[in-house]
Amino acid sequence: MVSMARQSEQLAASAHPLVELRAVDVAFGRNPVLREIDLSIPRGQTLAIIGESGCGKTVLLKTIIGLVKPTRGEVFFDGKNLFEFSEQELTRERMRFGFVFQGAALFDSMTVGQNVAFPLREHTENSDQQMQEVVLSRLAEVGLPESIVSKKPAELSGGMRKRVGLARALALSPELMLYDEPTTGLDPIMSDVINELILRTRSQHPVTAVVVTHDMHTARKVADRVIMVYPLSRLRPDEPQVIFDGPPDAIDKSGDPRVTQFVRGEAGERLMEMRKMADLRLANDS
Amino acid sequence: MATQSPTLSRSGGPLEAIADWIADLGGLVMNWFITVGDVSEFFFRTLSWIFTRLPRRDTLLPNFYQIGVLSLPVVALTGTFIGMVLAVQSHSQFRLLHLETRLGAVINMSLVRELGPVLAATMLAGRVGSAMAAELGTMRVTEQIDALSSMGANPIHYLVVPRFIACLVLIPTLTIMADFMGVVGGAFYAIYGLGIDSNHYWENSQNYVGTFDLFSGVFKSLSFGAAIALVSCYRGFNCDPGAEGVGRAATSAFVVSFVLILVLDFFLGIALDEVYLLIWPEGLRLL
Numbered sequence: 001m002v003s004m005a006r007q008s009e010q011l012a013a014s015a016h017p018l019v020e021l022r023a024v025d026v027a028f029g030r031n032p033v034l035r036e037i038d039l040s041i042p043r044g045q046t047l048a049i050i051g052e053s054g055c056g057k058t059v060l061l062k063t064i065i066g067l068v069k070p071t072r073g074e075v076f077f078d079g080k081n082l083f084e085f086s087e088q089e090l091t092r093e094r095m096r097f098g099f100v101f102q103g104a105a106l107f108d109s110m111t112v113g114q115n116v117a118f119p120l121r122e123h124t125e126n127s128d129q130q131m132q133e134v135v136l137s138r139l140a141e142v143g144l145p146e147s148i149v150s151k152k153p154a155e156l157s158g159g160m161r162k163r164v165g166l167a168r169a170l171a172l173s174p175e176l177m178l179y180d181e182p183t184t185g186l187d188p189i190m191s192d193v194i195n196e197l198i199l200r201t202r203s204q205h206p207v208t209a210v211v212v213t214h215d216m217h218t219a220r221k222v223a224d225r226v227i228m229v230y231p232l233s234r235l236r237p238d239e240p241q242v243i244f245d246g247p248p249d250a251i252d253k254s255g256d257p258r259v260t261q262f263v264r265g266e267a268g269e270r271l272m273e274m275r276k277m278a279d280l281r282l283a284n285d286s
Numbered sequence: 001m002a003t004q005s006p007t008l009s010r011s012g013g014p015l016e017a018i019a020d021w022i023a024d025l026g027g028l029v030m031n032w033f034i035t036v037g038d039v040s041e042f043f044f045r046t047l048s049w050i051f052t053r054l055p056r057r058d059t060l061l062p063n064f065y066q067i068g069v070l071s072l073p074v075v076a077l078t079g080t081f082i083g084m085v086l087a088v089q090s091h092s093q094f095r096l097l098h099l100e101t102r103l104g105a106v107i108n109m110s111l112v113r114e115l116g117p118v119l120a121a122t123m124l125a126g127r128v129g130s131a132m133a134a135e136l137g138t139m140r141v142t143e144q145i146d147a148l149s150s151m152g153a154n155p156i157h158y159l160v161v162p163r164f165i166a167c168l169v170l171i172p173t174l175t176i177m178a179d180f181m182g183v184v185g186g187a188f189y190a191i192y193g194l195g196i197d198s199n200h201y202w203e204n205s206q207n208y209v210g211t212f213d214l215f216s217g218v219f220k221s222l223s224f225g226a227a228i229a230l231v232s233c234y235r236g237f238n239c240d241p242g243a244e245g246v247g248r249a250a251t252s253a254f255v256v257s258f259v260l261i262l263v264l265d266f267f268l269g270i271a272l273d274e275v276y277l278l279i280w281p282e283g284l285r286l287l
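Order-wise, the sequence lines are chains A and B. Mapping of the first sequence onto the working numbering: position 227 corresponds to residue 227, and the numbering continues sequentially without gaps. Mapping of the second sequence onto the working numbering: position 124 corresponds to residue 124, and the numbering continues sequentially without gaps.
Hints were generated in silico from the structure; no laboratory data involved. These numbers come from a predicted model, not from an experiment. A hint or two may mislead.
[Said to hold, decoys possible] Lysine to any residue pairs mimicking SDA-like chemistry, simulated, CA-CA at most 25 Å apart:
hint, chain 1, residue 1, chain 2, residue 2
1, A, K152, B, F33
2, A, K80, A, H123
3, A, K151, B, Q66
Working from the sequences, and respecting the hints, build out all of it.
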């Protein structure tokens, strides 16, 4: 009976997507960033959100985790509306997320070991010995040696900081991993290491992942599905902000020139706009 | 879609200037109300965390050390000097009235009621308030506050509550230290520098400075401590991006805290006098 009840619970849980955004708008003051975003992320999927700088990718990622409150619309995590939780409940729910920040966002005042142990210290009753074991195993997972534990984040390179950030995000074995520009600012080799780590994380833990990136190599390598977000300022009021949604292979065949330009890394009409602005300035000056 | 009124936006003359001025004023008032609302919400969220879950020892103790222990030398030093300065300044005036022996009462009363609490709070705002705003501002800019939230640690509970408690608990101690050192400094200069008879000096002090005076100073200091912690943490949490934003947060944390200290001092001074009259209806004592 118990196992049947558990099975029906599991079925009910898998019936709805892990993350669902319904008609989400986000604005900062009078500056709208996201409009009418509908997004559904099933369990186990790795979704890449691509788009040029300033298009609202990171805001979208932070809306998924409830760090940014939408001005309109609803965000559901595991079937529950994230913004109907009390502050205390939301805090507990966030244990199920792991967030890897663009600049790693390691706590400067703590050592690497304390940084990785932070979520464990906050949410578990583990002894220092047990926490130390988890810290070392997480650091080993991301390919970092034991000797790094006592170092401060300021002593580490950009790639090492990102990997410590990943180890910290993995500390509580989250169900949803969110990566904000995981390869930005890294050399090509380190970028590939991070991509491999994202893939390895997925194979070692049953996680759903969202990767925000403008690196097409990362999107192609790690994602099952890609969506492209376009800056609101360049869209007409009736145009959707998500201009591509499909598997990574299909992105090259997209008929939308805005998508193909981004994928190929062509400046296109932006170059024309820059020239126009320069000409306008020259005309004004003369 | 918002549309602009053609009469207001296109007239181009004095009407437009007046309309702009009114719009700017309206914007300023709106922003002021929004900020007051935000600060109040921040305060109530802090209080709700204090009553639901106290911070852990290991987050509380470093703040006690930073805010209390490291502030002691500077508060003691300024307290001593302000006591001596009071002696120097009041002596010349009181000598004209041949009331030098009453100097102890004036110096010590001013210290315990006003200067001790205000000075300790000002030093705390300068030394700790700005540092808190800068530290939390840097954490905001480098996404460390978001990182806390993402790991299920509430930033108000983790960062603001320990600082708030440390300021609230330790500012009375710092005030008493400033009072004590001021009394010692004032007495030292009055007795040994100005040659006032020590028996008269202490007797007058004892006669005029009562427990209520000491209590009113310490009581006021509690509200100063709460204001410093709240303003500084709020400014840090709402810091603008970049180094300039952090710098501005640190400066404005001190300026706003200092203004609030003086405003609170004024209103609490009036309120405490009323309380005094309620308890002792014969009225305030005169020198």
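- Task: List, from low to high, the hint numbers that the structure doesn't satisfy.
- Result: Violated: hint 1 alone.
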